[in-house]
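**Q** One-letter residues, chain by chain:
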Amino acid sequence: MLVHSRTGKWATWSAFALLFLPLFAVPLLVILAASLSTNWSGALPSGPTTTRYAAATSGDSLQALTTSLVTALCASVLALVLGSWAALAASALGRRGKRFLDALFMLPVAVPSVVVGLAVLVAFSRPPVLLNGTRWIVIIAHTVLVTAFAYQSVSAAARRLDPMYEQAAASLGASPGRVLWRVRLPLLLPSLTAAAGLCFALSMGELSATMMLYPPDWTPLPVQIFAATDRGSLFTGAALAVVLMGTTLLVLTAVSRIRTRASYR
Amino acid sequence: MSPQDLAATVAPSGIRFDGVSVAYGENTVLDRLDLTVEPGEVMALLGPSGSGKTTALRAVAGFVRPASGRVFIGGRDVTRLPPHQRGIGMVVQQYALFPHLKVKDNVAFGLKAHRTPKAEIAGRVTEALELVGMAAYATRHPRELSGGQQQRVAIARALAIRPGVLLLDEPLSALDARLRSGMLAELARLHRELPDVSILYVTHDQVEALTLADRIAVMDRARLQDCGTPEELYRRPRTEFTASFVGNANLLPVTVTGPGRVDLAGAALDVPTETATPGATATLCVRPHLVGLGPGPNALTGTVTEVQWRGSTHRVHADVAGHRLMADLRELRDPPALGDPVTLHFAAEDAVLLPAGAAREREVAGG
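As you go down the protein sequences, you meet chains R and Z in turn. Residue numbers for the first sequence follow this note's numbering, beginning at 1 and rising by one. Residue numbers for the second sequence follow this note's numbering, beginning at 266 and rising by one.
Everything labelled a hint here was simulated from the structure, so no lab data went into it. Think of the CB as a built atom: it goes at the ideal place given N, C-alpha and C, for glycine as much as any other residue. It cannot be assumed that every hint is accurate.
Label pairs and their calculated CB-CB ranges [as the list claims (entries may be wrong)]:
no. : chain 1 : residue 1 : chain 2 : residue 2 : range
1   : Z       : Ala439    : R       : Ser256    : 30 to 36 Å
2   : R       : Ala110    : Z       : Pro347    : 36 to 42 Å
3   : R       : Thr7      : Z       : Arg408    : 39 to 45 Å
Sequences and hints are given; from them, build the entire structure.
**A** Here it is, written out as structure tokens:
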């Protein structure tokens, strides 16, 4: 421990609480409180109610939640496949090729997501690939945005992976394909699931690119939340936000379960 | 199946290096290696780090591509074959057991890769594990085993595919001293049970090489320096490097004065000069444990500069006319003190005359 004295520890904890509570905890608590009330004119909300949750988990809102879940699932699976593929290919390249791929996959992170959204919109709004107005354009945009994170996380792990495992497998007669499926991917599994979780969470919360692209029949939950607050229904928006947060956390917990079971060292 | 059956199914195959060079850019790490490992032979590649010995092994395994030359396994040119088609078994220093697989699945890995019929796999896994005494640990994960146990499993995994050639890359370096001598005996027993397997054993440890190998190839600075049976290299080294790397050696610069006579800084010594011509300079090699205390043939007088007690022996360093002479003496009741005058001697037949190298006096620590 860095701080040893008792007063020092107290001071550190107080400083932590002072910074952490207003910045991270209070806003989330406010959302939670707002979602459970009908009125907030004083210092504290009043008129406790759960009707907003009934509304937030049925009809259009439920539709938006499934839309978000399906989009995030598709985008993170696609991103994981593409990102891992590229990362594993990069690990076999020379220094220059690796740098080029690193830079290429960093692009969607460096470019503002609004720009990515616009680019996808322009690119797929005319033949030969006309996807504007379909759900696929949203899924593609999400995939483009989150693949970078899958690539980075897997390529960092692949770099750390000791080549002696692959060599041992090859010396035992395993073809490159068998080495990949039976040795490298299983050893990379913890990073793959971590990458999947990250991609899923990012896609669940994506708003700015989605806003430029979503068709009326494919409205993800963040768009719904934005629309609700935009027309002044703050409490409805809050309830939707809590549902979005809860669902994401639930999925992430499930994914991290796989991760703990898959870590060997 | 018993170990005898396993031995019977191994096709005898040796290894041949034919002018193999390996370079990384400008840096030549293996320089025109010519070496043959006979079927069933244990060949140790002995040398300091950076001598090219591991590179030679990796060229056989297929993990480095020679810049020139060819590698043969069992008479087949494998220079351009990928590692998985070479039919080798390999064991490395860090074991490299697959952490996500149980012991039995680690051993079965190579069998599955070779498309061994399913019905056979379980039996051959057990057989290989029994060979190294690890059958009781089949369902454990590698992380639950000690280093020595992991290395046994790694050996079982390499042997399960019944390779004609077994490559061992410093297999005992990660083990502590006691385990190491146990595993050394174990490896010797394994080779007796599998007499047709050719073994290429890379090590920097002369004891491992002397104990295990039928022949030792001594490597230094990317080149093969010397090759012969352990006894030849120990008793009749051909170079200063071999003399100092295989066992300890006193290397003294001398001048040949006549047949069977040399001069060491004014002292006349009787040693076999063989082909050396009078007037030539040469290096005299005498093993420290063959040097005796007191007067005798080839006596040299000097001053004690260091005395090390090593339990069963005393190592005495003496300064003889500016040259250092080491003697390993059976534990002395009354060891000499620093600065004492001392007389040391050695028998003529225990001395070897080497071509003068860099005319340096060398002492290799250890022993």
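**Q** Against this structure, judge whether each hint is valid.
**A** Against the structure, the hints come out as follows:
1. Z:Ala439 to R:Ser256: 30 to 36 Å: 33 Å, holds
2. R:Ala110 to Z:Pro347: 36 to 42 Å: 39 Å, holds
3. R:Thr7 to Z:Arg408: 39 to 45 Å: 42 Å, holds
Violated hints: none; the structure is consistent with every hint.
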